[in-house]
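**Student:** Chain residues, written in single-letter form:
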Amino acid sequence: MPGRRTAKAVQHEENKRTIVELTAWITVAAAMLVVALHAGISASSTAADVPRVTTAEYR
Amino acid sequence: MIELWNISRALGLVALLLLGVVLALGALHNTSLTELLGQALPRFVLVALHRNLALITVVFVALHVVTVLVTPYLPLRWYHVVVPGTASFNPWPVGMGALALDLLLAVVISSALRKYLSKRAWLVVHWTSYVCFPVAVAHAVANASLRGGTWWTLVVPLVATALVVAALLHRRTARRRPASVPLADRGRTDPAEARKAADHATGAQLVVRGEGPEVAANAPFAASTRTNAPFAAPAESDAGEDEGEDEGGAGRGEVLEMRVVPRPSEEPGAAAGAGRPGRHAADPDDDASDDASDDARDDASDDARTDTLGGPEAPTVALPARRRRR
Chain U
1 MPGRRTAKAV
11 QHEENKRTIV
21 ELTAWITVAA
31 AMLVVALHAG
41 ISASSTAADV
51 PRVTTAEYR
Chain C
1 MIELWNISRA
11 LGLVALLLLG
21 VVLALGALHN
31 TSLTELLGQA
41 LPRFVLVALH
51 RNLALITVVF
61 VALHVVTVLV
71 TPYLPLRWYH
81 VVVPGTASFN
91 PWPVGMGALA
101 LDLLLAVVIS
111 SALRKYLSKR
121 AWLVVHWTSY
131 VCFPVAVAHA
141 VANASLRGGT
151 WWTLVVPLVA
161 TALVVAALLH
171 RRTARRRPAS
181 VPLADRGRTD
191 PAEARKAADH
201 ATGAQLVVRG
211 EGPEVAANAP
221 FAASTRTNAP
231 FAAPAESDAG
241 EDEGEDEGGA
251 GRGEVLEMRV
261 VPRPSEEPGA
271 AAGAGRPGRH
281 AADPDDDASD
291 DASDDARDDA
301 SDDARTDTLG
311 GPEAPTVALP
321 ARRRRR
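Chains as they are written, first to last, in UniProt numbering: chain U, 1 to 59; chain C, 1 to 326.
Don't take each hint at face value.
Claimed, not checked - For lysine-lysine, the following BS3-like pairs were computed, each having C-alpha atoms within a straight-line distance of at most 27 Å:
#, chain 1, residue 1, chain 2, residue 2
1, C, Lys115, C, Lys196
2, C, Lys119, U, Lys16
3, U, Lys16, C, Lys115
4, C, Lys119, C, Lys196
Claimed, not checked - Covered stretches of chain C (chain U as the covering partner; in silico rule of three or more C-beta atoms under 8 Å from a C-beta of chain U):
#, stretch
5, 11-20
6, 49-60
For the record, the hints were derived by calculation from the structure and aren't laboratory data.
Please read these numbers as outputs of a predicted model, since none were measured by experiment.
For glycine and all other residues, C-beta sits at the position ideal for the given N, C-alpha and C.
Please build the complete structure, drawing on both the sequences and the hints.
**Tutor:** See the structure below:
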C-alpha cells in the first residue's frame, strides 16, 4: 500500500501544479489579449467610438 | 487619454471573456467532462481553475472600472458604477454594467464567506452569476458602437456567450449524476442521506424498518426491508448487544426503525453484525485496552475518517468524544 499511496500523492502534487500552471498561462493569455485588443481598438476606432468627443476634437 | 478609454474597453472585453470561461467551468464541473478528458483534468482541478479564474476575472473587472473612472472623457463618479441608474451619461449601458458588477461582487463575497453561510444560501447567491453574465453581455453590446470602426469587438461577447451556451448544453446532456433532486430542493440536506451518514459515522446498522407497532414487536426477527437489505443484521444477533431505538413512535402508520448501535466500550468488531468497527468504537477512558488494540483502533479510525462525510452538510448526531491522536 505505501507504493500506491506514494503514487497518489505524486499524482495529487502534479494536479496541483497543473492548476497553478494553467491559471498562470490563462492570466498571461488574458494580459496579451488586452494588449492585442487595445492595439486593435486603437487602430480601428473612429470618432463614433469615443464618447463625448466631437469629430473635430477627435481629429 | 483616449488610449485609456481604449484600454478600458479592452480590459472589459477580456473580463467578459474570462467571465464566460469561469461560468463554463462552473457549469461543467459536475458533468462527465473529466471522463472525456481522462485522467488529465480531475474534477478538483476544474473546481480550482473555476475559483482561480473567477478571482482573476474580478481583478480585470476592477481594472476596467478604475480605468473608466480615471478616463476624463466619461463623467462618471464611483457611485455611478456601483448603483445602477444613477449615471446621467449613457444611463442604460452604464446601469447594466453597474448591475453586473454588483452581482459579481455578491457572488465573490458570498463565496469568500461560504463557511458562514448555509449551502442553500450560498447556492442561491451563486446562481445569480447566470443573471450576471447576460447583463454583462448586454452592457458590452450596448456600449459597442455599430457606427464606429470597432464593431468587430462584438466578437468577444459572441464567443463568451457561445462558450457558456455550449457548456450548459453539455451539462444538460452529459450530467455526471442524474438530476434526481428537484431544482427547488438543491442544497437542502436530504433526511435519508443524513440518516445514512449518521449511521456511517456512529457505526449503527439498520435492522428493520417498517410501519405499525407489529414491526417493533417482531423487530429482532423481522425480515429486512427492501431498501436496507444489505445492512440488515442476521436474525440470530445477540439481543443483549442490541440498542434498538424506536424512533418513529408506536402509532399505526408511523415509520419505525430499529438500529444496532455498537457500545463505545466494546472491542472493535464485537458489534452485532458489524463487519468493521465503528468510527467511535474506542472509549478514550478505557484503561483496560492495551497498545495493540490501540493501534488497531487508530488504523480503523484512519480508515473510517477518509470516507466520512464532513463539512457543513454533516448531520448533527450525538457522538462520544473522539480519541485524541498522539
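**Student:** Could you run down the list of hints and mark each one as holding or not?
**Tutor:** Tested hints:
| no. | hint | result |
| --- | --- | --- |
| 1 | C/Lys115 - C/Lys196 | holds, 23 Å |
| 2 | C/Lys119 - U/Lys16 | holds, 25 Å |
| 3 | U/Lys16 - C/Lys115 | holds, 23 Å |
| 4 | C/Lys119 - C/Lys196 | holds, 19 Å |
| 5 | 11-20 | holds (count 5) |
| 6 | 49-60 | holds (count 5) |
In this structure, none of the earlier numbered hints is contradicted; all agree with it.
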